[in-house]
Amino acid sequence: MSTSLTSPARESRDSVVIRFAGDSGDGMQVTGGRFTVETALAGNDLTTFPDYPAEIRAPAGTTYGVSAFQIHFGAVDVMTPGDQVDVLVAMNPAALKVDLKDLRIGGTLVVDTGAFSERNLTKAGFKANPLDDGSLAPYQVLKLDITKLTLDAVKDSGLHTREAHRCRNMWALGLMLWMYGRDRDATLAWLKQKFAGRPEIAQGNVAALNAGHAYGETAEMSEYGGGYTVRRAPVTPGVYRTMSGTEAIAWGLLVGMGAAGLEKMIFAGYPITPASLLLHTLANLKRYGVITFQAEDEIAAIGACVGAAYAGALGVTSTSGPGMALKTEMLGLAIATELPLVVVDSQRAGPSTGMPTKAEQSDLFQAVHGRNADAPLAVLAAATATDCFDVAIEAVRIATKYMTPVILLSDAFLAHAAEPWRIPDLDRLPRFPVRFRTDPAGFHPFLRDPDTLARPWARPGTRGLEHRIGGLEKDYDTGHISYDPTNHARMTQARAAKIAGIANDIPLQTMALGEDHGHLAVVGWGSTYGAIHQAVRRARNDGVDASHIHLRYLSPFPRNLRELLARFDRILVPELNNGQLAHLLRAAYLVPAEGLSKVEGKPFKVSEIAEAIERMK
Amino acid sequence: MTVTTITDAELQPKDYASDQEVRWCPGCGDYAILKAVHKVLAELGAPRERTVFVSGIGCAARFPYYMSTYGFHTIHGRAPAIATGIKLANPELDVWVMTGDGDGLSIGGNHMLHVLRRNVDLQIVLFNNEIYGLTKGQYSPTSRRGTKSPSTPQGSVDYPVSACAFALGAGARFVARSIDTLQPHLVGVLRRAHAHRGASFVEVFQNCVVFNDGAFDGFTAKDGAADTQIHVEHGNPLIFGARKDRGLRLRPGKLELEVVTLGEGGATPDDVLRHDETNRALAHMLVELEPPAFPVALGVIYCNPAPSFETETYAQARAAGATRGTPDLAELLTSKEGTWTVT
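Listed in order, the protein sequences are those of chains A and B. The first sequence: position 190 = 1275 (the numbering used here), numbered continuously. The second sequence: position 208 = 306 (the numbering used here), numbered continuously.
No lab work stands behind these hints, which were simulated from the structure alone. Heads up, a few of these hints could be off.
What the hints assert, rightly or not - Which residues of chain B face chain A? A few of them, derived with a C-beta cut under 8 angstroms, are:
{"hint": "1", "residue": "Ser116"}
{"hint": "2", "residue": "Val150"}
{"hint": "3", "residue": "Thr172"}
{"hint": "4", "residue": "Gln414"}
{"hint": "5", "residue": "Leu430"}
What the hints assert, rightly or not - Stretches of chain A that chain B covers, calculated by requiring three or more beta carbons in the stretch to come under 8 angstroms of a beta carbon on chain B:
{"hint": "6", "segment": "1120 to 1131"}
{"hint": "7", "segment": "1159 to 1172"}
{"hint": "8", "segment": "1338 to 1350"}
{"hint": "9", "segment": "1373 to 1382"}
{"hint": "10", "segment": "1548 to 1554"}
Given the structure is predicted, the values throughout are model-derived calculations rather than measurements. All C-beta atoms, glycine included, are put in the ideal place defined by N, C-alpha and C.
Pulled out of the complex, with its shape left as it was, chain A reads as follows:
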């Protein structure tokens, strides 16, 4: 890979956190996305996190219209988007106002002075211009009139001022690519392809990108230093790509469908932030056996999946907290009729509408217990963007093998977060072919498999297996409607035993880090994985007796979890909710689990968990 290293010499860094912040119309997500691709191509490990406003086009220049994209990349194992920002690119005063608090003291601030007009300063709520009043003294500030530099760079492309102004993000990207010694070939090719129909726009963006890069390379930047290098991360050989949590779930579901030997997935959803992305992703993958259906509401979406499952296809629906609430009754029907189903819940801050674009882990109670009557099902949670792939496959396996709905908990963070992923050899992934019932001899729809307790999957279209199912209680021995009290007790126990039995078919709980006994176990689930892991690693480096346990299986729990937790003196459960897993663990095992809650719509910082560990050591 070629580099554009020039003198003066570059400083070496282990890892860097960059945040691009600007108005929601400034193209910050695109900028971050392109920087991510170039960084992945440069061989660094990385994690990204977009933070965008709920408003599609909030008024320009306001603080609530700020859109940001953060990337943490390095030569080491990168697990979180980073607690503190090393480099903040602020395209306007509002971005500076919102994001400066996360820039570390001594960090680099790149500002577009051309956007610091009186009007923009007022809109952002600045009484004085922070570029002049000394308030930025703790930082290394690069004041660049990116607006003017961009307009100069693109003046030959024939763009109108408004269009030319839109190329500012590419100028900033060019500068940052230079600063970290990244190539820009992939982005140049991408721009030419994306704007193939508008060559003048392609030309303008290319000119801006090149100008930003050249600005760094020439004497104009040398007073600020020669840029940085970040070594390649040591990684397993293979073919890699970046993958977001949403893509990982989409692909994992398709791979799971194939592993189950099913030809078809019916994916039904209703638009809801942040889950819609999965519907969009799958709508473009129809050639791989998925039929997508945008239903009239959340209830119809899961209803269509229940119907599809009855008809012998893989039914998958996806939603977020408020939508989950609407799907509750249909989940009960899927439990009563014992049909396989995967429900992906991209959790967001609530209750009610809450903060739709912000992550939370507060649907755990809803997933495990949120239905009328005794209605158990399986609940899994993904820990990282790439883990979403494996968990999606596992959700399909459990749903089809046990004829049960499975809830896959993701969240607004995982839905958007991306990281490099080594593309697996599909031939080496697990296979769990479904055996549809075809033999009429002795058939009834609730005849249970003695091992799994699952009922047979009998598809309409199969001659001799015509049967009727429904939400009414069934007789254990015939599958006909039954109001018999003893039978209802027996069926309730059978449904519970079936789900509990899944514990015998999942891996024993292992340690994410540290010994399987000792003073402190830090127990997490979901997207807090990276932050917990780094906090525990840091504590252990300081000699603290702490271990990290991360749960993928939340219902049922792994069968050794009780014994494992009993081997620790204290248990800390960091969660992005008000203590839901801590509550479940206490209820299940009578262990002294202590919660660490964060409900700010933001991921944990490593330091926040580290402080809690320090208090409990």
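Given the structure of chain A, go ahead and fit chain B onto it with the hints provided.
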């Protein structure tokens, strides 16, 4: 289980009945509808294994249990959504939705609206008895204003919805009506509904003997039926009456129907409209007719086929490259730009 040796063509109406005891109230109109459906399926020689009855909740929703086909008794109001999923998963299945006025137009009104406008290939039979039977007699969304019920002891104050007007408004492309006691007519309407590709909506006036007995007597009573019902047939004049001497025509200068008596006031057979089941505007006028000023319109009121939802969905999937059999997932994972190799 006994092994079936007869062919589908030899199936008799009774062969479509399940072994379960039918548990509707004695005299309930639902029995007649069940009988009509058995008869239609036998006429068609419908393969039981490819036939699916889906229902929600209510008296009508017990229907699937009394069929020897596949059946799914789901939850209140949601049968159209579940039926849509069944049809998407396997378009070759013949899927019926059996619903009621509360199930289909109250709690499930939204799903009914969308399944009709989407034109999913289903037969949707709405048993309209203008009352909640299974929950013991509360007024329903089709109950006439002033209906006294346990929840409306002083009479209901809200205005009812017309099932067929709702269906037309939702964009249904097949709308028909019949009566539980009008057995041959009901069988004919169901046969047409089954032949129609796309969503077929059939409203059946169904008498609830316990909670709303006689609700439709005004136009279903045998002695007055000829004057209170008009049986519409495509291409035929809109004529009714015991002596076949009354007809519907457009009132001159107005966009509304009026009843004329042939031979009176200069009215001739040429004045009477001919039924055109592809005419949506006429259908809208016909479904609004109410006694005593007008007869109740029965039969296939509107039929104007268009490609069905699942057909178009699968056409798109094929256009996107979907084929039968195992998809090439390796291609999927390596297809997009931006892969790199670490050696």
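Here is what the structure says about each hint:
Checking serine 116(B) against chain A: minimum C-beta separation of about 7 angstroms stays under 8 angstroms; hint holds. The interface hint given for valine 150(B) is met, as the beta carbon of that residue sits about 5 angstroms from the closest beta carbon of chain A, less than 8 angstroms. At its closest, the beta carbon of threonine 172(B) sits 6 angstroms from a beta carbon of chain A; the interface hint therefore holds under the 8 angstroms criterion. Evaluation of the glutamine 414(B) hint against chain A yields a held restraint, the C-beta minimum of about 7 angstroms falling below 8 angstroms.
Using the Cβ-Cβ criterion of 8 angstroms, the hint placing leucine 430(B) at the interface with chain A is satisfied: the shortest such distance is roughly 5 angstroms. Remark: the segment 1120 to 1131 of chain A is confirmed as covered by chain B, as 4 of its residues place a Cβ nearer than 8 angstroms to a Cβ of that chain, reaching the required three. Look at the segment 1159 to 1172 of chain A against chain B: 0 of its residues bring a Cβ nearer than 8 angstroms to a Cβ of that chain, fewer than three, so the hint is violated. Under a criterion of three residues with beta carbons nearer than 8 angstroms to beta carbons of chain B, the stated coverage of the segment 1338 to 1350 of chain A is upheld, 5 such residues being counted.
Coverage of a stretch by a chain is defined here by at least three residues with a beta carbon nearer than 8 angstroms to that chain's beta carbons; for the segment 1373 to 1382 of chain A and chain B the count is 7, and the condition holds. With a cut-off of 8 angstroms between beta carbons, the segment 1548 to 1554 of chain A has 7 residues touching chain B; three or more are needed, and the interface restraint holds.
Comparing the model with each earlier hint shows a violation of hint 7 alone; every other hint is respected.
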